[in-house]
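Asks: For reference, the chains in residue letters:
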Amino acid sequence: NAGVTQTPKFRILKIGQSMTLQCAQDMNHNYMYWYRQDPGMGLKLIYYSVGAGITDKGEVPNGYNVSRSTTEDFPLRLELAAPSQTSVYFCASKTRGFTDTQYFGPGTRLTVL
Amino acid sequence: AQSVTQLGSHVSVSEGALVLLRCNYSSSVPPYLFWYVQYPNQGLQLLLKYTSAATLVKGINGFEAEFKKSETSFHLTKPSAHMSDAAEYFCAVSDQGAQKLVFGQGTRLTINP
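Sequences listed follow chains A and B, in order. Terminal number for the first sequence in our numbering: 113, no gaps in between. Terminal number for the second sequence in our numbering: 226, no gaps in between.
Do not rely on the hints blindly, as some may be mistaken.
[As the list claims (entries may be wrong)] Taking CB as the label site, the calculated pair distances span: (1) A:Asp100 - B:Lys171: 16 to 22 Å; (2) A:Ala2 - B:Leu169: 44 to 50 Å; (3) B:Thr185 - A:Thr20: 36 to 42 Å; (4) A:Lys57 - B:Thr185: 23 to 29 Å; (5) A:Pro39 - B:Lys181: 28 to 34 Å.
[Claimed, not checked] Only part of the chain A face toward chain B is listed, based on derived beta-carbon distances under 7 Å: (6) Met41; (7) Gly42; (8) Leu80; (9) Ala82; (10) Pro83; (11) Phe90; (12) Thr99; (13) Thr101; (14) Phe104; (15) Gly105; (16) Gly107.
FYI, nobody ran anything at the bench for these hints, they're computed from the structure. Each residue gets a CB set at the ideal place from its N, CA and C atoms; glycine is no exception.
Full structure from sequences and hints, please.
Replies: Following this line, the structure appears as structure tokens:
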């Protein structure tokens, strides 16, 4: 199993541009999550999904959109990129069990200039 | 709402010394608690988790943590630090229903030779 994969690894955007961060998992996990990590702030939840076709907002959803058309994929869309969206983005997935572990991807480092 | 506080954003110990990373949580329901480790330029990896079974939890790489309800703490320890333990460590709490993690701000562990 490849686990959780994310593309691209790095990206530089100009203010106002848009892009999609890709996340895929091959573990047949129902739950998927997007986090952003800023220095000294820990990880903040952007959006999550409990299954195909179902998504919900996390703590910091403004400026982002998600979709979940398949179990495997959970892309994160940035519209009109802003410098405040400069961050490292992590995708994670888990099974239904309450105590089950979230498995994280390697991250995408995004810079908005 | 649940929250996690990690005391000390940066901890430095000598190789072979005791490692103690502090985590206090706030939760209105019995919590599930997690410690994750992040090595440079990588995603997060689970070290250990408390799921209401044994209060002393053993994890990978010689780490362990003790759940103390009276102190609302879940401190991470390792008897003897190794250079390879240098990383950032995150404590997280999850309630039994939402299946979302709330992370602390992280503690960067430095090991001195």
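Asks: Tell me if the beta carbons of Pro39 (chain A) and Lys181 (chain B) are separated by a distance inside 28 to 34 Å.
Replies: With a Cβ separation near 30 Å, Pro39 (chain A) and Lys181 (chain B) satisfy 28 to 34 Å, so the hint holds.
Asks: Using the C-beta atoms of Thr185 (chain B) and Thr20 (chain A), is the stated range 36 to 42 Å upheld?
Replies: For Thr185 (chain B) and Thr20 (chain A) the Cβ distance comes to about 40 Å; the hint holds.
Asks: Can Gly105 (chain A) be said to touch chain B, with a Cβ gap under 7 Å?
Replies: holds, 5 Å
Asks: Does the closest beta carbon of chain B sit nearer than 7 Å to the beta carbon of Leu80 (chain A)?
Replies: violated, 27 Å
Asks: Minimum Cβ distance from Gly42 (chain A) to chain B below 7 Å?
Replies: holds, 4 Å
Asks: Return the status of the interface hint for Phe104 (chain A): holds when the least beta-carbon distance to chain B is below 7 Å, violated otherwise.
Replies: OK, holds: Phe104 (chain A) within 7 Å of chain B, min 4 Å.
Asks: So, as I understand it, the hint says Phe90 (chain A) touches chain B; can you test that by seeing if any CB pair is closer than 7 Å?
Replies: holds, 6 Å
Asks: 44 to 50 Å was suggested as the range; check whether the CB atoms of Ala2 (chain A) and Leu169 (chain B) agree with it.
Replies: violated, 34 Å
Asks: Could you say whether the range 16 to 22 Å given as a hint is met by the Cβ separation of Asp100 (chain A) and Lys171 (chain B)?
Replies: holds, 18 Å
Asks: Answer holds if the nearest beta-carbon of chain B is closer than 7 Å to that of Ala82 (chain A); otherwise answer violated.
Replies: Result: violated, 23 Å to nearest chain B Cβ.
Asks: Could you check if Pro83 (chain A) really has its C-beta closer than 7 Å to a C-beta on chain B?
Replies: violated, 22 Å
Asks: With a cut-off of 7 Å on the beta carbons, see whether Met41 (chain A) makes it to chain B.
Replies: holds, 6 Å
The structure fails to meet hints 2, 8, 9 and 10 from the earlier list, while all remaining hints are met.
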